[in-house]
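First to last, the protein sequences are chains A and B. When we follow the working numbering, the leftmost residue of the first sequence carries the number 2, and every step to the right adds one. When we follow the working numbering, the leftmost residue of the second sequence carries the number 5, and every step to the right adds one.
One or more hints might be untrue.
Calculated cross-link-like contacts (lysine to aspartate or glutamate; reagent style EDC-like; alpha-carbon spacing at most 16 Å) [what the hints assert, rightly or not]:
id: 1; chain 1: B; residue 1: 241; chain 2: B; residue 2: 73
id: 2; chain 1: A; residue 1: 453; chain 2: A; residue 2: 336
id: 3; chain 1: A; residue 1: 535; chain 2: B; residue 2: 73
id: 4; chain 1: A; residue 1: 527; chain 2: A; residue 2: 115
id: 5; chain 1: A; residue 1: 278; chain 2: B; residue 2: 84
id: 6; chain 1: A; residue 1: 570; chain 2: A; residue 2: 999
No lab work stands behind these hints: they were computed from the structure. All of these numbers come straight from a predicted model, not from anything done at the bench.
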Amino acid sequence: MLTTQIRSNSYQDSINLMLATNAVNAVEGVTRSSIMMGSDANKDIFRSSGLLTEEAEAAKPADMMIVIDAEDDGAVEQALAELDRFLSDLSTKRASKERANARNLAEALEYLPDANLALFSIPGEYAAPDMETALRAGLSVFSFTDNVSKADELMLKELAHESGLLMMGPDCGTGIISGVPLAFTNAVRPGNIGIVGASGTGIQEVTCIIDRLGGGVLHAIGTGGRDLSAEIGGITMKDALVALENDDAVDVIGLISKPPAKEVRDEIVALLHSLTKPVVAVFLGENPEHHEQNVFLAHTLEETARILVDLANGDEVQSRYDLKVEHTVDGTLPESATVKGLYSGGTLAGEAAMLMSEAMDLGGLIKKEGYQLDSNGYQVIDLGDDMYTQGRPHPMIDPGIRLEFIKRYAADEDTHVILLDCVLGYGTHPEMAAELAKAIREAREIAASTGKELTFIASVCGTHSDPQNYDAAVSTLADAGALVESTNARAVRLALQLKGYDIVELAKDVVTVDRPTVELPEPGEKVMELLTSKPKVVNIGLESFNDSIATFGGESVQVDWKPIAGGNKQLIRILSDLKRMPEIADANERVIGRLRDSQPFLVDVVPAKTVIDVLNSHTLLHAGPPINYENMTSPMQGSCVGAILFEGWASGATEARRMLEAGEISFEPCHHHHAVGPMGGITSGNMPVLVVKNMVDDTVAYCTMNEGIGKVLRFGAFSQEVVDRLIWMRDVLGPTLSKALQSIEGGINLNVLIARSIAMGDEFHQRNIAGSLNFFKEIMPVIEVLEIDAAEKQAVVRFLADTDQFFLNIMMAAGKAMVDYARQIEQGTVVTTLTRNGENFGVRIAGMGDEWFTAPVNTPNGLYFTGYSEEDANPDIGDSAITETVGVGAMATVAAPAVTRFVGSGGGYDDALALTEEMDRICISNNPNWSIPNWNFKGASLGIDACKVVETGITPVINTGIAHREAGVGQIGAGTVAAPLACFEQALIAYAQKLGFDVS
Amino acid sequence: MSVRRVTARRMTSAVPDVRGAARTGVVHSVFANSFNVRFGAELMNLGPVSRPLSAIGVGLSDPCVLTSELHEGDRVVIRERLMRFYPMHSLPVSVDLSAVEMVDVRLPDLADHSCLASLEQELREWNLESRIGLTIDATGREHLTRARAGLPLSTWGDWFVGRGLGLTPAGDDILLGYEFARRCMGSVLDVSVAELLEGRTTDISTAGARALRKGYVNEPMARVLNAAMNGDPRAMKPAIAQVMSVGHTSGCDHLFGMALGIQST
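The following block holds chain A by itself, in its conformation from the complex (with noise of 0.2 Å):
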């Protein structure tokens, strides 16, 4: 049997339903189950299964379907029961997690997955981007956030209207969603009413009125100033107005605003006309002389409010609502007397405009540097203007603007009243009773001190459960002198009563016109969701406004913003630009691929020339990008020199400088050349080289062999000494190991070597003993049984003993044989190799192919051996951040806290582990091959992102050995060194123009 149960307004994510059905199905007597939120597209799910009832059918998207299919009723109540255990679960489960502040949305969303709405309170300039990726993200957004231009507020709400979801603002000073305030809100309790505003104290004296008359508003949709405009056509407007129409705990809808441009009024007139709900509008500015059948028009936001209670009291609406003022005045103030409102709330200043303006016939409303009203010496200021708020606070959180125009006034022979308004609620100052009052006392002794009897009348925009207390502040007011009426537009009547002057409503019947209608669309299926729910909202910028969320039954999570890119807007609008592109986190998927699917193996040993063709010419390969031997660092210039004694090329070693000064030596880089060499990365055409190959494509990379410690070629040696290991390296250790690899049939499989040595605590740039030893217990049983000298074995295998940073070189060409393979694909922006000559530091991108980008590198912090300091090291140099290229090295430092203190990250584990997780956070991936055991088993970070470190701002860390200056010292110490974000700036700008993008 077949029992279906539909819970309106009952919204839970498709995943935990999925959950939920596994639950349910595992109750015994259910036969099957299923159950889904009431889309169209769920509804087919239920057809194609014979599970569609017809009450199902009937479900709206905010349902929930539950379709059981049970042996009994007894089965059906078991189920239901279990269904209700597993929904409370999740909430239990959800409400005991701790959170910390998040760095940006991306964190944000893995502290709470299931949010719905992006609060942003943040600088204008940098907002839009970050709205653009909420908005993708799944998330409606309010943006209390101004300054953002026309354009952008279009290409933000077109994205919202077009993924389901709302774009509230910008400039949206004010909401209510679900009954949890947002931003500077009132406390007004939740009921049958759904407003949506253009304005912010326009929503705030309606829903306080509304509140203090006994009614309830569920709902307060913000659209921002510009919603209605022409160019934007009241998206918002039109979003907000139909998801009211589709919510069930709804029965009413108000609407404020300023009267709309004339093509969008048609339209939104049309929309109002078309849902079947009863709807009341102000149009501020306006004052109509009937109601049109459903849609109710009032001219004052009282009158606006007092129609929405009768209507959702289910009363008469009344033809007239008089403005009955509390105090009784006799309107006997001289001619030349004035009136001026000092207001803190545009909307309300705007009302109070008109009213006087109509009253007065005062040739109507201005906007002219923060005036709504200046005429015949009567003044109307919305002190919140941008005239008065730039560079200081608005005037809502600092009266102080306001108490300067008070005394001013006081003062003035004309002025004998003034109107104010006191806005309470969250985010606003939480004495600005007292301050006002306080200001009164004084005004009010300085007008008399002239003789002058100045009045003041207030009005308070609040709520009794408002953190300051609409009594309260009522009474603080009115012990300082001030008449205190419960509206705005009351105040303003008694106002124009003490000049002899009245405000006399119309009386408006309901008449029937023929207005054309449209066809209602379907609403967001996420804008529902957000309306059925309590908001689970990001919070981007000011930390205060997740109290009134968290008071009202929210959840948030506060991200400590900062801005992108460092707040360079070219490149936050590259970013922008390049995250909007679906085919490079396409790209970058494949490229993280090819290096995830890499499989290096240790194939063979060979004379370099004969695998890189450009070595059988007196050319020398180099660490880095390119770079001329006159601007090599000494230890560079001194390892070219100890190549040529080497190579035979030249006698003595001033013979070999004359002739790399007299360009007699080419070079090249060693990544031109599927090669990469350790610190000064000369390589030449007799010494012997690793054949790393990718087994995947048979891309073969290249590395000179590690010489052990002390006086090496790396490091700028050429005594005899370093000259003497290279020709034994050439003649005995090379071909040893040839003939060893020979024997292993396919050669090393390093990705076995490199995950059983990361587990043994090798991070392989610094450490890479585990790695060594592996390599050698692989090595060794080949080697002990070839036919070769008794003597020079031993010598091999006392060599490969003893040099602990063996395995290094190893790494390195199995980091160029992935990222070579990788490089391949040229889009996206995955870095491809990372590196350094002494001079500048290199990076490629996927996207760019084989162009470096170059900054001047920087030089590491580290720890000294004895007898040397920062002052004798030599600027960072090689090839081998291919390691970290990859994702070892620095950016898995925490595989190996042995060597933390030595590269100098700070000394302990969890400082290993800190700058582990900040490389993550530039990574796009992980490689599960590689597991950090010290990491949670967590693999390896892969995939560094330009775009990541651009946006963040956090660039590699590179672990280094640090050469002296000099050349022939040697090794000083190691340390860690930052790569310049110049390199990956400059990479993402010349991608973005190869791309077509405008990067002006």
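Given the coordinates of chain A, assemble chain B onto it according to the supplied hints.
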């Protein structure tokens, strides 16, 4: 958090039939297992269907969701047979009134009052006076004497109004029990308890008195009366015990007043 729907299973005939109307109200008070809603001047008590209904009671399938989330002042809306609650700190919750069973809690006309004598006899065994929520001082004892003597309520009732602690003070409950007994016997008081309490005690006491004035009682008291009318002493004890379990001393206070009323005639 998901929105849940609760079903109203039973509702007394004393509750204004609001099912078809569009009305708004507020949550008046919230207790561990039940809560009161105010529509205009009318109160409604909503609690678990497993418990006997108060005179103005509605029995719900699962009131826990509401009692845990509602607070005084929360808005309530009735539309299309749904009573929608809007808790300040959580999501709206609906109570479905469409399939509610109406429970008749009107006082029956007792043709034969003799059953009340046996009820009064039974009540003596419960030693009620020592268990009520009021300390009866010398003045109080004088008023009790007047009550037992059947003197007009207006001459002694004031002493009891609002006397005692809680949302239904013991003095109010004694008066309600007294009027209940007198109404059972068709005896008209010079002034109704509702008139006596109006504006002088708690809203909940007043609401109970108003219902009684209209001839409605709560289910436990009705059960006691039915047991007495059926002359079944085995049913009378558990019915009385059920009343005794209401509130801290509220049920006992009711029964004490009831005994007084019977004695007064």
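Hint-by-hint comparison with the structure:
1. 241(B) to 73(B): Roughly 37 Å separates the two Cα atoms, so the pair is violated.
2. 453(A) to 336(A): Cα-Cα ~14 Å, so holds.
3. 535(A) to 73(B): holds, 14 Å
4. 527(A) to 115(A): Roughly 11 Å separates the two Cα atoms, so the pair holds.
5. 278(A) to 84(B): The given pair, whose Cα atoms are some 14 Å apart, holds under the 16 Å limit.
6. 570(A) to 999(A): holds, 13 Å
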